[in-house]
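With chain A's structure known, arrange chain B on it following the hints.
There are 2 protein chains.
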Amino acid sequence: MSGVTKKHRVAIVGSGNWGTTIAKVVAENTREHPDEFEEEVQMWVFEEDVQLSKDSKHYKANSALASKPQKLTHLINELHENVKYLAGISLPTNLIANADLLDTVKGATILVFNLPHQFIGKTCDDIEGHVVPFARGISCIKGVEVTDDGCHLFSDRIGEKLGIYCGALSGANIANEVALEKFSETTIAYAPPAMDHHEPGESSAPSSNSKSGLKAIPAEYPELCHASMKKLFHRPYFHVRVTDDVAGVSLGGALKNIVALAAGFVDGLGWGDNAKAAIMRVGIMEEVKFGKMFFGSSSKPETFTEESCGVADLITSCSGGRNFRCAKMSVAERVDIHEIERRELNGQKLQGTSTAAEVNSFLKANGKEGEFPLFTAVHYILEGKARPEDLPELLEPTVHEKS
Amino acid sequence: MSGVTKKHRVAIVGSGNWGTTIAKVVAENTREHPDEFEEEVQMWVFEEDVQLSKDSKHYKANSALASKPQKLTHLINELHENVKYLAGISLPTNLIANADLLDTVKGATILVFNLPHQFIGKTCDDIEGHVVPFARGISCIKGVEVTDDGCHLFSDRIGEKLGIYCGALSGANIANEVALEKFSETTIAYAPPAMDHHEPGESSAPSSNSKSGLKAIPAEYPELCHASMKKLFHRPYFHVRVTDDVAGVSLGGALKNIVALAAGFVDGLGWGDNAKAAIMRVGIMEEVKFGKMFFGSSSKPETFTEESCGVADLITSCSGGRNFRCAKMSVAERVDIHEIERRELNGQKLQGTSTAAEVNSFLKANGKEGEFPLFTAVHYILEGKARPEDLPELLEPTVHEKS
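Chains A and B, in that order, are what the protein sequence lines are. Take the first sequence: its position 71, counting from 1, is numbered 71 in this note's numbering, and each next residue is one higher. Take the second sequence: its position 337, counting from 1, is numbered 337 in this note's numbering, and each next residue is one higher.
Chain A with its partners taken away, still in its complex shape (with noise of 0.2 Å):
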């Protein structure tokens, strides 16, 4: 690595539960690799004002900040932990909260986005223009934005909108699990275009991929290959497996909802455990069917079937994830999901039922309905028009495909 003089600069869009949880992450990483990463991390944190609890652990010994509200970043800074998001959990000392966005981002080589995907256009609309030009994003958004005229990933989005490359990391992912260093898995989507040719030196005026108008990294970095995105995320306790499929990974975590409110149906009517594995089983396939049919050869069927992205995020999503649990209670009880959903998740919304009905209302416009019949039969009796019971005999169309 001849040439190489600098250090990547990682910055953290994003510090909620999961983004926090990455965040720590990415610290732990950085201040392993002192060769490729600068050791300090920024993480932007949208400012409030947040009073100490009484069962805080640092109440008593910190009089002073227990006394009035703080500002969030301040109490982060103060006591490394994140008060208000991921309470009792303690952050490594180089993670910086900075209630900068602009600040946040500067000179950061490497963007790690981690927040709810309603704030991810005034996000990059802020910071249009004043990230780094060869910049590498990393979306840790779960799931895509589906509407009648295409399915558009997060990672595009911000990709585009910042003119730089953007892969995507999802898996099975409990945040409090991950944060609590408690096994898991996880799937990084990383495949910059090639780009032209660069030679250390020519960092003024970096070479870029003619097609995409993608910036090279100029040769005084590291390179950041699928090797560099391991040891940005990899931990004991956090396995990464890195693969080119954007797509797959992305799909993963949104059309896992579906299949989640399905498995609670039969759940919810007592069916028992062949019945409820039936169902996964036949969701793992639409989903690698809905990446084959809509994204090509791009997305790849092992992703779905054989990554932490897609058969392990689908195994817990239908083990005791919300959507699965609403589901569940919803036929158990013979009462309307939206009523469960009012019920039990204190004003929050499932994500599966708008997913069914934005991939129903997709699919329909794409004259591709019957080809996706238990995608289709939840979205119908999440709609009154078919019944959990009819399950077996609306699967039935696909079963009698393969022979």
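Keep in mind that a hint or two might mislead.
Since copy identity is lost for identical chains, a pair holds within one copy or between any two.
Mimicking DSSO-like on lysine-lysine, the simulated pairs with C-alpha atoms at most 30 Å apart in a straight line are [said to hold, decoys possible]:
{"id": "1", "residue 1": "Lys349", "residue 2": "Lys385"}
{"id": "2", "residue 1": "Lys230", "residue 2": "Lys215"}
{"id": "3", "residue 1": "Lys292", "residue 2": "Lys230"}
{"id": "4", "residue 1": "Lys368", "residue 2": "Lys300"}
{"id": "5", "residue 1": "Lys289", "residue 2": "Lys300"}
{"id": "6", "residue 1": "Lys230", "residue 2": "Lys289"}
In short, the hints are calculated from the structure, not lab data.
Just chain B now, kept in the frame of chain A:
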């Protein structure tokens, strides 16, 4: 199908919980497809004397049968219920219990084997030379025999002994749930070698496959292809997919038990859903690798990742199967698993512990232990040479493979 004048006659060898369930499925289907199958299905029953219990719904209505112990075959044929092994389930009246093994298989062109694996040898010895030479077999016996010499499929053992082709059926099929007609799926592997061409009228000297010596089905009979298997086993509540991969279908049912132990270990540690899903994913990948390494191109990755006999069966086993439950209790209570086995299983044995030992010994004999870190870790944990807490570290090499 000109020239077809005969129908296939089906016999079920075995009448336990799962045997009787499959017999019910098959007899329902022979009745629905009278053009291809003789309606009557004979089921071999290991004869025993059974006293109708006072709890039986038949007790009052059948005072004569209830007055003293009766032959099990007599009870099944009178009551259309296997009161001993599948109580409470009505059986089709065209299913006939038969205590005479040779009489059961006489003239049968389709033999369905569904008995405990330890009885295969003796049963095949008894019927050798008495089966229709061109008969086809389907083994519903889960698992494989693993010795240091190799992995042997039960279907091969049956087929070789009887000189017939034998396929396999396996899936996420808890017998009682299938018997209650709760929705499930299964996988059938059926791929007899190509036979020499045969013409109607040639049946007295049936053609055969020169390499295998297997006899072609005479032209007077309907063909037995994937579609026939579906006709014989598919029900509205029991969806069938047919594949050519006999090795994969059989391996899934054996190797999943090792994975279920590992899932139980991490669940016993309280590591949550991420960790359990990660273990399951790694387990599926080791199944794929095992199939490829030891059965070559005849075992396809999709059998494990996409079929009921693979991913779905693994999911049910890791949800509530006995291997999972006992492993979990063992770790949570810090009690040796063999003690849990004695306490919980009434003298029955866990399949997973012996499979883990056999597979480990086989892998060691082949110098491949290191390539299957999960299977290897489970064996060492059972042997007390590693701790469940070590799993993430022990699995890291697998994770690093991809990139």
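Tested hints:
1. For the homomeric pair Lys349 and Lys385, the shortest alpha-carbon distance inside one copy (22 Å) is at most 30 Å, but the shortest distance between copies (47 Å) is not.
2. Within a single copy, Lys230 and Lys215 get their C-alpha atoms as close as 22 Å, which meets the 30 Å cut-off; across copies the closest is 56 Å, which misses it.
3. With identical chains, the CA atoms of Lys292 and Lys230 are at most 30 Å apart both within one copy (27 Å) and between copies (27 Å).
4. Taking CA atoms no more than 30 Å apart as the test, Lys368 paired with Lys300 passes in both settings, with 20 Å inside one copy and 28 Å between copies.
5. For the identical chains of this complex, Lys289 and Lys300 are neighbours both inside a copy (10 Å) and across copies (19 Å), given an alpha-carbon limit of 30 Å.
6. Proximity of Lys230 to Lys289 under the C-alpha cut-off of 30 Å is found in both arrangements, the shortest distances being 29 Å within a copy and 23 Å between copies.
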